[in-house]
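Participant: Chain by chain, the residues:
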Amino acid sequence: NAGVMQNPRHLVRRRGQEARLRCSPMKGHSHVYWYRQLPEEGLKFMVYLQKENIIDESGMPKERFSAEFPKEGPSILRIQQVVRGDSAAYFCASSLTKEDYNQPQHFGDGTRLSIL
Amino acid sequence: ILNVEQSPQSLHVQEGDSTNFTCSFPSSNFYALHWYRWETAKSPEALFVMTLNGDEKKKGRISATLNTKEGYSYLYIKGSQPEDSATYLCAFSYTGANSKLTFGKGITLSVRP
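Read top to bottom, the protein sequences are chains A and B. Note that the numbering used here numbers the first sequence so that position 64 is 64, with each residue one more than the last. Note that the numbering used here numbers the second sequence so that position 96 is 1096, with each residue one more than the last.
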């Protein structure tokens, strides 16, 4: 059973470009979470999505960042007009159900975003 | 602001030593406490999810306890082995935002052979 798949593993962008990070949850999981790890910081929650719905985006920066989880295909975290401060590791996690929050979140290997 | 504190920040032990880590979290509106093990260049691996005060969970040589009234959890590793070297993260969630995990910065364990 494949785990959470993130791609690309490494992404380099110049300031002002767009970054698209993809996440395919574990098979059967319909809940996706995005976290960011800035240098020397811990993992910080960004957004929680279910298929076609954003449930909690309280950790998302107000501008330039957006996330989606369409009916078909992976979840996408999109960063427009990237700046140096967006350089970080972005992790996706998925879980099985919403009713039982005793379920752990299963993490992908992350995407390391570097802004030149 | 909800903070999760982990201590110590790093730990260097000899193979065979037993270790324990502390995770402190806000005790109000507690929902669940998660422990993860994170090896370099890999993804965080779920160890335990605990929800009840007094919970104790065990997985091989690793065990964890939970005190929701005072807001702390301990992680114990009995007889540390070099393969236990990793960063150990705790994260908590609270009622009203059950799915949102707030992580500590982690404790980096290094076990010398």
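Careful, some of the hints might be misleading.
Said to hold, decoys possible - A few chain A residues that don't get close to chain B, going by computed Cβ distances all over 12 Å:
{"hint": "1", "residue": "Gly3"}
{"hint": "2", "residue": "Arg13"}
{"hint": "3", "residue": "Arg15"}
{"hint": "4", "residue": "Glu18"}
{"hint": "5", "residue": "Lys27"}
{"hint": "6", "residue": "Pro70"}
{"hint": "7", "residue": "Arg78"}
{"hint": "8", "residue": "Ala93"}
What the hints assert, rightly or not - Derived EDC-like pairs (lysine to aspartate or glutamate); straight-line CA-CA distance at most 20 Å:
{"hint": "9", "chain 1": "A", "residue 1": "Lys44", "chain 2": "A", "residue 2": "Asp109"}
{"hint": "10", "chain 1": "B", "residue 1": "Lys1042", "chain 2": "A", "residue 2": "Glu40"}
{"hint": "11", "chain 1": "B", "residue 1": "Lys1057", "chain 2": "B", "residue 2": "Asp1084"}
{"hint": "12", "chain 1": "B", "residue 1": "Lys1105", "chain 2": "B", "residue 2": "Glu1015"}
{"hint": "13", "chain 1": "B", "residue 1": "Lys1058", "chain 2": "A", "residue 2": "Glu18"}
{"hint": "14", "chain 1": "B", "residue 1": "Lys1042", "chain 2": "B", "residue 2": "Asp1084"}
{"hint": "15", "chain 1": "B", "residue 1": "Lys1042", "chain 2": "A", "residue 2": "Glu57"}
{"hint": "16", "chain 1": "A", "residue 1": "Lys27", "chain 2": "A", "residue 2": "Glu40"}
{"hint": "17", "chain 1": "B", "residue 1": "Lys1042", "chain 2": "B", "residue 2": "Asp1017"}
{"hint": "18", "chain 1": "A", "residue 1": "Lys27", "chain 2": "B", "residue 2": "Asp1084"}
{"hint": "19", "chain 1": "A", "residue 1": "Lys44", "chain 2": "B", "residue 2": "Glu1045"}
{"hint": "20", "chain 1": "B", "residue 1": "Lys1069", "chain 2": "A", "residue 2": "Asp56"}
{"hint": "21", "chain 1": "B", "residue 1": "Lys1105", "chain 2": "B", "residue 2": "Glu1005"}
{"hint": "22", "chain 1": "B", "residue 1": "Lys1058", "chain 2": "B", "residue 2": "Asp1017"}
{"hint": "23", "chain 1": "A", "residue 1": "Lys44", "chain 2": "B", "residue 2": "Glu1056"}
{"hint": "24", "chain 1": "B", "residue 1": "Lys1059", "chain 2": "B", "residue 2": "Glu1005"}
{"hint": "25", "chain 1": "B", "residue 1": "Lys1059", "chain 2": "B", "residue 2": "Glu1083"}
{"hint": "26", "chain 1": "B", "residue 1": "Lys1105", "chain 2": "A", "residue 2": "Glu52"}
{"hint": "27", "chain 1": "A", "residue 1": "Lys27", "chain 2": "A", "residue 2": "Glu52"}
{"hint": "28", "chain 1": "A", "residue 1": "Lys44", "chain 2": "B", "residue 2": "Glu1015"}
{"hint": "29", "chain 1": "B", "residue 1": "Lys1069", "chain 2": "B", "residue 2": "Glu1056"}
{"hint": "30", "chain 1": "A", "residue 1": "Lys71", "chain 2": "A", "residue 2": "Asp86"}
{"hint": "31", "chain 1": "B", "residue 1": "Lys1105", "chain 2": "B", "residue 2": "Asp1084"}
{"hint": "32", "chain 1": "B", "residue 1": "Lys1105", "chain 2": "B", "residue 2": "Asp1017"}
{"hint": "33", "chain 1": "B", "residue 1": "Lys1069", "chain 2": "B", "residue 2": "Asp1017"}
{"hint": "34", "chain 1": "B", "residue 1": "Lys1069", "chain 2": "B", "residue 2": "Asp1084"}
{"hint": "35", "chain 1": "A", "residue 1": "Lys71", "chain 2": "A", "residue 2": "Glu41"}
{"hint": "36", "chain 1": "B", "residue 1": "Lys1042", "chain 2": "A", "residue 2": "Glu52"}
{"hint": "37", "chain 1": "A", "residue 1": "Lys51", "chain 2": "A", "residue 2": "Glu40"}
{"hint": "38", "chain 1": "B", "residue 1": "Lys1059", "chain 2": "B", "residue 2": "Glu1045"}
Don't read these hints as lab results, they were simulated from the structure. Glycine included, each C-beta is placed from N, C-alpha and C at the ideal position.
Participant: Assess, step by step, whether the Cα of Lys71 of chain A is no farther than 20 Å from the Cα of Glu41 of chain A, and give holds or violated.
Facilitator: violated (33 Å)
Participant: Are the Cα atoms of Lys1105 of chain B and Asp1017 of chain B separated by 20 Å or less?
Facilitator: Violated - the C-alpha atoms of Asp1017 of chain B and Lys1105 of chain B are around 23 Å apart, more than 20 Å.
Participant: Assess, step by step, whether the Cα of Lys1042 of chain B is no farther than 20 Å from the Cα of Glu40 of chain A, and give holds or violated.
Facilitator: Given pair Lys1042 of chain B, Glu40 of chain A holds - Cα atoms ~17 Å apart, limit 20 Å.
Participant: When you check the alpha-carbon spacing of Lys27 of chain A and Asp1084 of chain B, does it fall within 20 Å?
Facilitator: violated (29 Å)
Participant: Regarding the pair Lys1105 of chain B and Glu1015 of chain B, is the alpha-carbon distance no greater than 20 Å?
Facilitator: violated (24 Å)
Participant: Would you mind confirming whether the straight-line C-alpha gap from Lys71 of chain A to Asp86 of chain A stays at or under 20 Å?
Facilitator: Violated, at roughly 28 Å.
Participant: Just want to verify: Gly3 of chain A was marked as not at the interface with chain B; is every Cβ pair farther apart than 12 Å?
Facilitator: Non-interface label fails for Gly3 of chain A: nearest chain B Cβ at 7 Å, not farther than 12 Å.
Participant: Checking one constraint from the list: CA of Lys1069 of chain B to CA of Glu1056 of chain B, max 20 Å. Satisfied?
Facilitator: Holds, at about 15 Å.
Participant: Starting from Lys1042 of chain B, check that the Cα of Asp1017 of chain B is at most 20 Å away, please.
Facilitator: violated (25 Å)
Participant: For Lys44 of chain A and Asp109 of chain A, compute the direct alpha-carbon distance and say whether it is at most 20 Å.
Facilitator: holds (16 Å)
Participant: Would you mind confirming whether the straight-line C-alpha gap from Lys44 of chain A to Glu1015 of chain B stays at or under 20 Å?
Facilitator: Measuring from Cα to Cα gives roughly 32 Å; hence the hint is violated.
Participant: Would the pair Lys1058 of chain B and Glu18 of chain A pass a check requiring their Cα atoms to be no farther apart than 20 Å?
Facilitator: Not OK: Lys1058 of chain B and Glu18 of chain A at ~45 Å, beyond 20 Å, violated.
When the structure is compared with the earlier hints, violations turn up for hints 1, 8, 12, 13, 15, 16, 17, 18, 20, 23, 24, 26, 28, 30, 32, 33, 34, 35, 36, 37 and for no others.
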